[in-house]
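Trainee: Chains as they are written, first to last, in our numbering: chain A, 1 to 551; chain B, 552 to 670.
There may be inaccurate statements among the hints.
Stretches of chain B that chain A covers, calculated by requiring three or more beta carbons in the stretch to come under 8 Å of a beta carbon on chain A [what the hints assert, rightly or not]:
1. 563 to 574
2. 588 to 596
3. 610 to 617
4. 625 to 631
Listed below are the simulated DSSO-like cross-link pairs for lysine-lysine, each with C-alpha atoms no more than 27 Å apart in a straight line [said to hold, decoys possible]:
5. B:640 <-> A:37
6. A:97 <-> B:570
7. B:640 <-> A:80
8. A:97 <-> B:640
9. B:598 <-> A:97
10. A:329 <-> B:570
11. A:326 <-> A:446
Away from chain A, derived, C-beta distances all over 12 Å, residues of chain B [unchecked claim]:
12. 552
13. 560
14. 578
15. 579
16. 581
17. 582
18. 584
19. 585
20. 643
21. 644
22. 645
23. 646
24. 650
25. 653
26. 655
Derived by calculation from the structure, the hints in this document are not laboratory data. Where a beta carbon is used, it is the ideal one built from N, C-alpha and C, also for glycine.
In case you want the letters, here they are:
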Amino acid sequence: MYRYDAIDKDFLADRSAEFRGQVVRRLAGELNEEQFKPLRLRNGLYLQLHAYMLRIAIPYGAVNPTQLRKLAWISRTYDKGYGHFTTRTNLQLHWIKLADTPDILDHLASVDMHALQTSGNCIRNVSADPYAGATAEEIDDPRVWAEAIRQWSSVHPEFSWLPRKFKIAVTASPKDRTAAKTHDIGLHLKRARDGSLGFEVMVGGGLGRMPYIAQTVRQFLPATRLLSYLEAILRVYNRHGRRDNIHKARIKVLVAALGRDEFASQVEAEWEKSGTASDLPDTELARIRGAFAPKTFETLPAVSEVLEGARAKTPAFARFARNNLKPHKIAGYGIVEVSLKAIGATPGDATAEQMEVVADLAERYGQDDIRVTHEQNLVLPHVKLDDVPAVWAALDAAGLATPNMNLVSDIIACPGLDYCALANARAISVAQNIAEKFADPDLAEKVGELKIKISGCINACGHHHVGHIGILGVDKKGEEFYQLTLGGSGAEDAAVGTALGPALPYNRVADAVDTLVETYLRERHDGERFLDTFRRTGVAPFKEAVYADAD
Amino acid sequence: MRALTANRLIDGEVVFWRKGQWVERFGDAELFANDDEAGEAAEGHAKTLITVVVEPYLIDLIESEGLWAPVSYRERIRALGPSNLNHGKQVEGGAAIQALLHAHGAARSTGRVDLIKRK
């Protein structure tokens, strides 16, 4: 994992001290709220319904046990003993006091962490494949490039005041676990026939009020030219982005307005003008790559007798292994998905104790490596197959072994109206109601892959547009109502969902999802996922089933 | 009826106005009749208290179980705590909390008097 050098550490110490001074001035009345708000947001501190919320950056979702233990300690000491992992792979603490925040930032800095660029119109936390360095599918380790982007984009003077926020994802596998096409820039690492590395550059994706799937502006960008090309894109955006209208200020609107080809040609012209000056020197790339050198793996048989024995003996473990254990690039190892979606729990929440359990397991069995996924779960990317039964037992005891990865109860939900100042309706309790309907694990497995994503407002932090079933909370004549969309996908086959019909009241949403699932089970052909059936049949049978009930 | 609410600057806690001071319980909030200009006067004064609270505003109330509750669901959540976990102000329990829990007839989700008027 990449470790901060002395310059990084000094910078964080300075920023924390600066914010401490700003808090003192705010409390003394030397700064009013209007003056202070942009300063606190630059440090990831929001004011929400019940308290301040601190959004802590987890670059490309990677944390080590020391960091995770510190997050647990902070949540226990300064919050109510838990944290909420988000779709940007950050951690939000929802009960923070302004007066404590400078101390919290110091504690974060002590483990190379911060809350910078988790708010504001800048380049936000860069996300990457949570299986990076572990999956055989990948062409190269996307963390190397995500870290390079993190360094380049951190307090970048030219790109700290963009027209709007800006999100970048990096993946290196055909199977996209980053929702790359919903990003302002999605980067897909590829290898050319001559063996050289490059990126497919996709620009102008985004959710929110106007959902767009990113379009490819360059099929193959030589990897060494990444930063200058990003710079060219950001320059075109900085120049032409709609600063006059917050709802039209994202790059997706610019790309749509200019058209992909015109946008791409402006980027190419800008890129040609700026040359290679801002590209990463080979020595620096090598230095960063060194931080992600492959772990030391033992030579093990591909099949673990311990694991197979546990499978045969313990059906609950067999189910966990079926759903939460994924193939690793090295024989005898596996990738373990840690579910933060226990039935009835808040999606993405982890208690301080749960964070400590995961930190301990990563240390004992997982090569000190932990990842956060954009689907609000955790991953132990390098576990020996022989150790998986022991890891499962410890996770199970901590409520972290729900065998539901990619199944109906593995729901994305934003904090919604329970916490967020922007929300129109609750998201968490809708997720809880749906998960409880599908608490039977046999039923969940029978249904198969089904991605439900819930947002409490049109800002779409819960990615509802790209849910196989998307659920959007709206305010309809003063009541919580929910608009359902079907057929969205955030994966490599990205698509924006189709509206099902009129919005439903709160107490009908879980039943409607049940009806949608029943319809799918009735209509599906062999081997079809919910999404495949929907794509074949269209919305009609689903709409008919849900709204027939309404009459 | 109406009440005056804000978030306390130093810790973000949801607070309500009561005769010259800020209290944490909705049940202790001072009530202003809809036509009582004292509500606007208190709001105007609260806006000058920039080292104490952030963004004070009036909220509309309705009757619930013989007590008062915010009209809007959002404001009831602020007065109670989040609905997913029992770890906000609702922990204290009692009649005022029950009245909030059982209130219905939600209005605009923002619940802010001035915003309702604007809509």
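Trainee: Provide an ascending list of the numbers of those earlier hints which the structure does not satisfy.
Mentor: 2, 3, 10, 13, 26
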